[in-house]
Amino acid sequence: MNVYFSISNNRKRPVGWVILAVLFAVGCEDPGQGTATNVATEITPSQREENATFDPAVLRRALTSSPLPEPPSDATNQYADDPHAAELGRSLFFDPRLSGNGEVSCATCHQPDLWFTDGLKKSKGLGTADRHAPTLVDAAHHRWFNWDGRSDSMWGHTIRPIENPLEMGGDRTMLARLVLEDLTLKNRYQAIFGAIPLSISDLPATARPGGDSDSVEAWERLAPIDQDRINRVAANIGKSLAAFQRTLQGGLSRFDRWAAVVAEGGDGGSILNASELRGLGLFFGEAECWECHSGPLLSDGEFHNIGIPVADGLPTDSGRYEGSLLVREDAFNAAGRYSDDVDGRQAILSRGVKRDPEAWGAFRTPTLRGVGRTAPYMHDGSMPDLESVLHFYSTLEGAVQLGHHQESVLTPLDLDVGEIEDLAAFLRTLTGPGPQIEALESVPEMESSSS
Amino acid sequence: MRLYRILSLDRRTFLRGRVGVLDFYGALIVSLLLLNAAPIEAAGTRPRDETNRLGRFASQVEALDEARAIAVRPNGEVVILDSFGAISGEPESSGFRDLAIDAEDRWVLIDDASVQCRLGAGELRWTVEPGGIGVDISGPSVWALDDDGGVRRRDAATGAELAARPAMFPGARAIVALSDGGAWVADTDRHRLVRLDAQLNEVRSIGDRGAFPGLLNTPVDLAVNGEHLFVADKLNHRVSVHRLADAAFLYQWGMHAVIPREGEGRIHYPEGIAITPDGEQAFVLESFERRYQVFERVAEGESPTGSVLPQIKGVQSHFGSDVGADGDLLAMWDPESSSAVVFDLTFGIPIHVTTFSRGGDGPANFGRIQAVGVDAGRQEIFFLDRGLRRISKWRLARDREAALKMDPFMGRFIRSWSESLLGTRVAAKGGDPQLDLRDLVIRDGILNLLDAAGPSIITTDNQLQVSSVYALPEGTMPAQIAVRAGGGWLVSEPSQGRVLVIDAAGAIERTIISSTFGVVRPFGVAALPDGRIAISGRHSDFFVVIDGDDQVQARGGERGSWDGALWMPAGLEFLPDGGLVVLDQGNHRAQVFDPDTGAWRISFSLGQGHDRPLLLRSDFEPTTEEPSDAEIEVTP
Amino acid sequence: MKQSACVPWLMAGWVGSSVLLGCDRPVAEAPVETSEAMVDGVAPGDIEWQEGVSGDGTWMVAWRPLVLNLPVSEPFSAEVRLARADGSPTDAGIKVFLDAEMPHHGHGMNVVPRVTRRGDVWLVEGILMHMPGRWELSIDVIDGDETERSQWTVQLER
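Residue numbers (the numbering used here), protein chains in the order written: chain A, 1 to 451; chain B, 1 to 636; chain C, 1 to 158.
These are calculated hints, taken from the structure and not from any lab test. Cβ atoms here follow ideal geometry from the backbone N, Cα and C, with glycine treated the same way. Be aware that one or more of the hints could be misleading.
Result set (DSSO-like, lysine-lysine): computed pairs, CA atoms no more than 30 Å apart in a straight line [unchecked claim]:
no.: 1; chain 1: A; residue 1: Lys-354; chain 2: C; residue 2: Lys-95
no.: 2; chain 1: A; residue 1: Lys-354; chain 2: A; residue 2: Lys-122
no.: 3; chain 1: C; residue 1: Lys-95; chain 2: B; residue 2: Lys-429
According to the in silico footprint, chain C covers these stretches of chain B (three or more CB under 8 Å from chain C) [unchecked claim]:
no.: 4; stretch: 354-368
no.: 5; stretch: 404-417
Let the sequences and hints guide you as you build the complete structure.
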């Protein structure tokens, strides 16, 4: 077990708010710093007192959690910030030809209108996936991808859902054929990545190193050099999709605006209401959400087992335990031959990933940016709304603990109804305007290479 | 009355008479199970293999003592090896370590010296050397496991050795033969299962330390039936069932007795498993509970008993077999979490001040701790780690003048030495470099290590530099050691029913035949400055204090779970205040007794301790009346 | 290095009670030649060595992170130097293992840092302390069949 929100021996329930004067809250009566004028109507005078009573550590944590900077550079993808690659990625993202049946695109489960999720408990592509689709907005800040971190780069990860028979059901050879067949696509691809030393006549309809036996056998019949070239196309497709996904930014939330004002010495009181501020105080204070939902992404990007209840007895999803093996063995990982930084920081991390049985049932801490838009929650979508999530942390009802004699590693937060309301209200302030994306509604006209 | 955490339970709410003698917690848990069993079990687990499953609790057979192995004949007759290695029904036999019976009623038996094969209970087919600790027979092969983890395949018809490899899996506890000539090995200390082909090549291995489905903690016995491989996982307290071909996890049963004695489908420290050839019954040996449980096939749509966790908390800790105490410190080991637990002795009732380390194979992790030695002067604790084959030294970083409080940062890993390095140092002093270390105790800054291989007693300083090696008589089978005041040692030999009193030069001064005062299998030993000796009895659930003439001065403990009662008592130590601490392993606690009278003083475990009795014998005595619904209530 | 991810950090070397005598001879004397001119935008010469003695006094150990402020949940590198307390040479077979643990949480890091020897300096890459709070950073010196630890307390604040 490897997550703790508090240490049970030391935990104290708050008796009331600790009143601590914070220097910059004194004498800053004017909240009008320009950044917050559009939400100024929500303030009442008494709310400024809430703001002034935050413990300095709470304020420090809150202020270091905003704003979310630009996504960190990705040295494993030399095209990460190439606008042409991003534009190619944008069209591919909405292109159902990437799927096995020609009907499912990335956008099927990552819908722009739903903060790049699908609103479903478990995602539906060709079949029903085992997990809930996480948002792609601000996802470029992550270090590990998927709930179990089975990939260590966004580009490397895009290939997995394309090949997953429950999701898009395509494969890398199909991708190469698509690029070779569609002259427009081929030209765009080659303009960015260079020539493709493959001929469509050499490529089977489907072939990949894992999955059904026909595909695997077809893959094994390919010459190693062709396998490598197909992989290269798939990696480049992934790199263009990643370049697009890096542009999916949530933007400044109300919380960010509050933090900007407070950081400048204002009290921000016109931006968050009293309930939201109380929620903020809990979040960055004794509810200890910040221990894992840390930093500007409001996620430590790592893996924790919080014992999410399972309906039918025993958990079956081993989460990071399996993910740690997958990422180390992934041909498309940061240390692999398709990475552009094989000895860089991410490659070193990936080589050093522990396959620790204590990671069994651990899942990646989700970002809370945009959390008001990404219901349902948890890796299995088992919690329909924020209140359910907070109720779970409050009581740990049904939490899975498989240690024999050990105490629960999580301590119930024991929140009252008002505290749950306040925390939920604060969480809903973490959503910005979201990415402004025009979906391509129709499949691009194909300019066939044979025409 | 001094208490620092009292169990807030109301004894009047006990359920009585339902399951015979129940302990305090047992009554609580059973009442909860009665209330909750239906919904919990109905929820079930998602089976990956709906057909052909075993695991429905049928019955349990008690009063076995600490049996070594279980097997079942084709006719369904159960055969047990008892705590001395005697075959059930053959009281004159002894010393066997393992037993297996195949579908043709071929028996294979192994002891320290040899393996033998019999047809049925009678006709001896062959006997060959050497012996070992595990054996099985199937089709053309007999497989045997040496005590150093070596593996041998023999011809089932003649016993002739076909293939052998020494020390393949140190610490491995079980091997099961397959009809294709291969075998699965329970590589116990590495928490995994290993498939061998007939040439002893490692074909596949699977497993990792943990409690989640498909993970293993301490696989100690294996059985095969049809396409299923059954694993008795001792410290996960369950049987897990795997696909024979690749050991992929299928399902599990018997999960987690949360209180001692619980039974009725919940398993506590399973030690052995046997399946009838027709696959209709499974027998799970719980040596520690002195019984076995019988499981049958699960009906369609039904879940195996204990396939999900009980939704209730039982005891919060359990302890290995050794306790170390010196000055103001007492230390034990929790096998399940592989962590050390340390108590401060300043205030009479031992107070839990820190827990450190956990399972793993890193420099500061623990594997399987055999013994704990405490040096209060240096605030150092030494661990004899047989799982990782090393000796580790930790030091407590604490202010001994400050108020006591739980501090998870107190324990600091200092240093470790491999067993082979110690062996080299022993050899330099004229001893045998091959070691089989059983116990470790520290007195006056000197480490005293008990070695069963030599056999010998090894003394070292706190840098593990060997000062002396004292040979013990050939054939000594030692378990625990104590240091006598003024020099010399006590060494217990449970399987020989005796305790050796050894002088400072390493010579046997006298031999105590402990069965003369009722201690059939002496285990823990401790020495008082005035020459008195305390000995705990694994079989008899009490301890005695004897004088220099072997006269019993005091006797304490009796079989049970109330304060002052014991179940499988293990290590002993005298405390600075004159108390005798007895590790009451079967009740998941330690107790302090008065060595002059045998009277109970204190019970303690993690986070709790009391010096006025809370758990009374009357709470555990069965009543004849069935409880009414109104009586089945629990005070949380 | 993102400034937002940098946090104040506190460190305290810990040495066993019996080994303080060896502390007067520094392991790392400034200026130290480093294998990396600049790491993470930081000139290593600007960063102080943290010195300590291993638990049984065998080794004098020094380390320094190659960042100015230890980050929460961002990987960083460090350098380690060793010397035997008795002045005898450090043989080529010595291995160094750096790890960090949160004992009160019962877990350590999710990754194993990469250690490479570069002359007298061991470069440790990929140290990732993913949660704020108290960490115990350890450096184990593995000399064949013996392993000995030196340990520092690192407080990562958010």
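*Below or equal to 30 Å on CA atoms is what counts here, so check C:Lys-95 against B:Lys-429.*
Distance ~29 Å between C:Lys-95 and B:Lys-429 Cα, so the pair holds.
*Given the hint that A:Lys-354 pairs with C:Lys-95, does the C-alpha gap stay at or below 30 Å?*
Roughly 19 Å separates the two Cα atoms, so the pair holds.
*Could you grab the alpha-carbon distance between A:Lys-354 and A:Lys-122 and see if it respects the 30 Å cut-off?*
Distance ~28 Å between A:Lys-354 and A:Lys-122 Cα, so the pair holds.
*asked:* Taking 8 Å as the Cβ threshold, is the statement that the stretch 404-417 of chain B is covered by chain C upheld or broken by the three-residue rule?
replied: holds (count 9)
_For the stretch 354-368 of chain B, count the residues whose Cβ lies under 8 Å from any Cβ of chain C; is that count three or more?_
holds (count 5)
Violated hints are absent here; each numbered hint is respected by the structure.
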